[in-house]
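Enquirer: Full structure from sequences and hints, please.
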Amino acid sequence: MIRRAAKWILAALFILMLGAGLFAPYGYEAQSRQEIASPPSRTHWLGTDALGRDRYSRLLYGGRVSILLAPAASIVSVLLALIMGVGAALAGGAAQRAATTVIDLALSLPWLFLLLAVRATLPLNLPPICSIAVTFALLGLLGWPGPARVLLAAARRQLGSDYILFARASGAASWPLAARHLAPNLAPVVLAQFWTTTPAYLLAEANLSLLGLGVSEPLPSWGNLLRELQNITALPHQPWVAVPLLLLIAALSCCQLAQPPREFSI
Amino acid sequence: MIRFVCLLLVLVLRSGLAQWGGELRLNVRSEPRTLHPALADDDASEMIRYLTGGVLVRVNRITQQAEPSLASSWRVLDGGRAIRFQLREKLQFSDGTPFTSDDVVYTIETIMNPDLHSPVGDSFRMGGRVQATADGPLSVVVRFPEPLAGGPALFDQVAIMSRKAPAKEAAVLGPFYIAGRKAGAWVRLERNLKYWKVYAGRRLPYLDAIQLDIQPSRDAEFLRFRRGELHMLPALEPEQFDELSKTGAGLVRDAGSTLANEFLWFNMAPAAPLPAYKKAWFASKNFRRAVSSAIRREDLCTVVFRGHAVPAVGPFPPVNRFWFNSKLKAPSFDLDAARRFLAQDGFSASGGVLRDCDNHPVEFSVVSNAGNKSRERMAAMIQQDLAAIGIRLNIVTLDFPSLLDRISKSQQYESCLLGLNNVDLDPDGQMNFWLSSSAQHCWNPRQTTPATPWEAEIDRLMREQAGQPDARRRKALFDRVQEIVWDQTPVIYLVNRNALVAVAPGLRNVQPAVLDPRLVWNIDQIHFALQK
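These protein sequence lines are chains A and B, in that order. The first sequence begins at 8 in the numbering used here and counts up by one. The second sequence begins at 1440 in the numbering used here and counts up by one.
Any given hint could turn out to be false.
List of simulated lysine to any residue pairs, SDA-like, C-alpha gap at most 25 Å [said to hold, decoys possible]:
id, chain 1, residue 1, chain 2, residue 2
1, B, 1718, A, 42
2, B, 1685, A, 47
3, B, 1812, A, 45
4, B, 1636, B, 1718
5, B, 1603, B, 1527
6, B, 1724, B, 1702
7, B, 1636, B, 1946
8, B, 1685, A, 131
9, B, 1812, B, 1482
10, B, 1685, A, 25
11, B, 1848, A, 120
12, B, 1812, A, 241
13, B, 1848, B, 1884
Since the hints were derived computationally from the structure, they do not count as laboratory data. No experiment lies behind these values; they were computed from the predicted model shown.
Expert: Spelled out as structure tokens, the structure:
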């Protein structure tokens, strides 16, 4: 029952966000300069921001950017991590040690400077949506080492288990073994990595906005809407500013609930 | 006699009410790049120089007049080509080394040393050598190759260093000395026990120490003030000001318009890697004036700055009472005028898109520094304003080093939205900005010969006023500079923001000023309220 409700909520959210053009009463960039930072009203359900833009409309449009791009970046990271982790675990020996070293090295590198360098080379007249797509693509490409370490450890544990030894003894080759036996048992770990990296990328986008690498004006994203929460002392006077955060938590919770329960067989 | 007794009584009462001692906690937004007083050129270094350095002449930030400090008096000689300073007697540096005229000579030699590249020395460089000569232990004559237009007030930034002190630059004559420092975290200043000012028989300053914490985030700084961990905020955001006004967590004050300008300019450097048609737009006076006319400056003031700003007119706001050209008014919002200017250059709009005479759609980017909410909001508003005349503006925020690299070296930008924090009331302080040969001539730096007749005219006027001892004549020359800038619009001045400050309730004698350092300019007078 709860899972079904979660699915409906998620579906409704996706429809609202993807159909922002239909459901939003105003354009995300439309400024009403006589109504700056106004509280919720009939005309502006979630009030207006510091430039008089309708918060509800920007929430919907921002969700469209974030809901599509953050999970996409997360999928890229987890896929790369899966290839690296499982490949290294299957290869074993020197290859595995080399992979572990590469992962540790990648984790220790200051990728922020690479992101800054990339932003410096992007054309200035790039449309905001392309700029943010490049940002999420970079996040996806650079975010694999953390999940890779987890997946490598999980794959090694699985490969040492009895059922794998039995399959190997029965003559199963490495890749079919990985596809038929290892992958289903790694799925919960892979999903967990996906669910943890998605919100991390949403917040990373908000932080990167401070460096000029995130979403640029006037395009909204949940990340830059969350930036308004930096001034936490203003929150008691304007609780509606926290709606993007609540919605984000709700969406992620619903995603978790919507998953069928799985048991780890480790 | 009665008057004398009353005066004595007042002095005794005042000294009794002041709390001696205590630690003032302030915040600086960045690590000081240097602690050498002659090399200070960033806000944090300048703040430390102000709090520790002793100067011959100090500009009162309220009256904007030069007042005696280490020099008890001075006389301008040879029509402004020399100044004789009479020094106070029996003064000592913080390490006990006596202060003499030889230290002034040493300081002038140091700041004029071409190998040192002292930013303070730049104010005095005018094509010749500045020389200081000791005329006895307590008198010094400083000679200039040309009349010094800024007068003695320029010495407000020259912190005197000792030639003989073993501690070198660390020996100071100001109210505090640098007692400790942790890179990236804090700088601690402690009371200079040899400071020369005395009040009611006791040596100032009142405070024992100043802790300067380094915290770049404005939000974190604000939170710390609200928690009582900081005593002053010298530059509040308008929302923070409104919030503090409501909650009463401290004394907030709008000290009025500052000398700080927010402005936009186009890249007019011929070597810039831009398409030729865009260079032609930016070089056109009509295009620049059209953009200026399409911007609603009043809205920028009310929306972005919540009414704590005024539309900017030119290089100086009206608060600079002497130098502001009162004949000029801020460019008014006028879409018809904007369209007229554009039509004169062959621009035409169709389907909401402005196109030039070769049918290129008018689209350009504006770069600004990331993390500055006010500028990001101004850019978003200008974007909407320009859309009304069919111009598409792309906003790009960059980290500050990348931004500086683009505007000062690679020239890879189209337009830029930034601010200039004038610290000097005198136009000589803006010499670097206006001379076409200067690296800070933002729209087209380092010109070998002026690219346009009006830039040549500005060069001539600025040089002429700098060598002119007569203040009224200088004013007339600089008025003309302001008129040319208003007409040619190489820089689109947007707003002058107000000085919004907050002070903890327990502090006394804080007099907010619009000139830097806004809240601590009279640091030796500031004290805590007497504790019960």
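Enquirer: If a hint holds in the structure, say so; if it does not, say that too.
Expert: How the hints compare with the structure:
Restraint check for residue 1718 of chain B and residue 42 of chain A: the C-alpha separation of about 38 Å exceeds 25 Å, so the hint is violated. Note on residue 1685 of chain B and residue 47 of chain A: the hinted pairing holds, with a Cα-Cα distance of about 20 Å set against a maximum of 25 Å. Proximity of residue 1812 of chain B to residue 45 of chain A is assessed by CA-CA distance (about 18 Å); at most 25 Å being required, the pair is judged to hold. Under the criterion of a C-alpha separation no larger than 25 Å, the hint pairing residue 1636 of chain B with residue 1718 of chain B is inconsistent with the structure, at around 57 Å.
With a C-alpha separation of about 18 Å, the suggested pair residue 1603 of chain B and residue 1527 of chain B falls inside the 25 Å cut-off, and the hint holds. Restraint check: the Cα-Cα separation between residue 1724 of chain B and residue 1702 of chain B comes to about 16 Å, which is no more than 25 Å; the hinted pair holds. For the given pair, residue 1636 of chain B sits about 20 Å from residue 1946 of chain B by alpha-carbon distance, which is consistent with the 25 Å threshold. Between residue 1685 of chain B and residue 131 of chain A the alpha-carbon distance is near 41 Å, which puts this suggested pair outside the 25 Å criterion.
Between residue 1812 of chain B and residue 1482 of chain B the alpha-carbon distance is near 20 Å, which keeps this suggested pair within the 25 Å criterion. Proposed proximity of residue 1685 of chain B and residue 25 of chain A is contradicted: the alpha carbons are some 40 Å apart, above 25 Å. In summary, the hint linking residue 1848 of chain B to residue 120 of chain A is supported, as the alpha carbons are separated by about 20 Å, within the 25 Å threshold. A threshold of 25 Å between alpha carbons decides the hint, and for residue 1812 of chain B with residue 241 of chain A the separation of about 16 Å falls inside it, so the pair holds.
Distance restraint check for residue 1848 of chain B and residue 1884 of chain B: the Cα-Cα separation of roughly 10 Å lies within the 25 Å cut-off, and the hinted pair is therefore satisfied.
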